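K.L.:
Residues per chain are reported as follows:
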Amino acid sequence: MNENRRQILEMLAAGKITADEAERLIAALESGPATTVGEHSSSTAGANGSMGATVKTRAKYLRVLVEADQEMTGLNGPTSVNVRVPMQLLRAGVRLASLIPAQAHNQFDEALNRHGVPLTLSQIKPENLEELIDHLDDLTVDVNGSDCNKTKVRVFCE
Amino acid sequence: MTPNFAVIGIETPHWHTPRLWLPLFLLWIPVTLLSPLIFLVMVAMAIACRMTIWRIIAIFWGILSGLPGTHVHVRADGNQVLVRIL
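First to last, the protein sequences are chains A and B.
FYI, in my numbering the residues of the first sequence are 1 to 158.
FYI, in my numbering the residues of the second sequence are 1001 to 1086.
Simulated from the structure, these hints should not be mistaken for laboratory data.
Please read these numbers as outputs of a predicted model, since none were measured by experiment.
All residues carry an ideal CB built from backbone N, CA and C; glycine is no exception.
No false leads were mixed into what you were given.
Residues from chain A shown here face chain B by an in silico Cβ test under 8 Å; the list is partial:
| hint | residue |
| --- | --- |
| 1 | Y61 |
| 2 | V81 |
| 3 | N82 |
| 4 | V83 |
| 5 | R84 |
| 6 | V85 |
| 7 | Q88 |
| 8 | A92 |
| 9 | G93 |
| 10 | L96 |
| 11 | P101 |
Covered stretches of chain B (in silico footprint by chain A; criterion: 3 or more residues with CB under 8 Å from a CB of chain A, positions within the stretch not fixed):
| hint | region |
| --- | --- |
| 12 | 1043-1049 |
| 13 | 1057-1063 |
| 14 | 1066-1073 |
| 15 | 1076-1085 |
Go ahead and model the full structure; you've got the sequences and the hints to work with.
P.N.:
Below you can see the structure in the form of C-alpha cells.
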C-alpha cells in the first residue's frame, strides 16, 4: 500500500474525513500519481465542518526564467533564458552526489572554503539533500530590477 | 520512462535549422551492443566508490528516467537555442 493511500485511510479511521471524501481522495490519487495528501491547497471540509483532508499536487518541474534587456547585457536584442528541470532529475542528481569518493570531499571542502562557502560536504547526507529537494515545492524567487534595469529573474516550481 | 525524443532547434540571425527530432530510443541499440562494456565500467565505478553495482545502476537509471520534460530555451544576441527532451 502506498503512503498516500495509507494516510487517507488513517484519516478516515480517525474520523477526520467521511467515507465519501476518502473515496474522492483515492480516486484523485489514482488519476494523478503526483498527488499527495496531508499538505496544503484545495482542501475539503470534513463531516463535522472542520478541515478534514487536504490534497496538493506536487510540483513536477523547477522553472527558471531570466529576462534581460540589451542595456544590461550589452547584446543586441533582449536576452532570455527559460529552463525547466524535472524534479525527478534533481532528485537523481542529488543521489549522484553520493558517488563522489570520500577522498574527494576534502578537496571540495577546501575549494568551497577558498571561494567563501564554508561547507563541509561530508556532513551533507543524501537524505538531507532529498529533503531539501522535497521542500523546493514551496520555493518562489522573484527578482525585478529597479529603475532602468529591467532584468527579471523568476525561479519557481510548477 | 526513459527519454524517447530530443527536440533541438538552433537559430541565428543568418540561418536557422528546422527543429530536429532526434529519436533517442534508437540509442538503445548501441547501448545494448555495448552493454558488457558499460557493465564493466559500472563495476569499476562501484569498486572505486565502494558502493554496490545495483546502487550505481539505480542512480544512472534515475537520471535517465528523470530526463523527459527537460526544456532549455536560451535567446541572446539574436540567437536562439532550444533543447527539449520528451
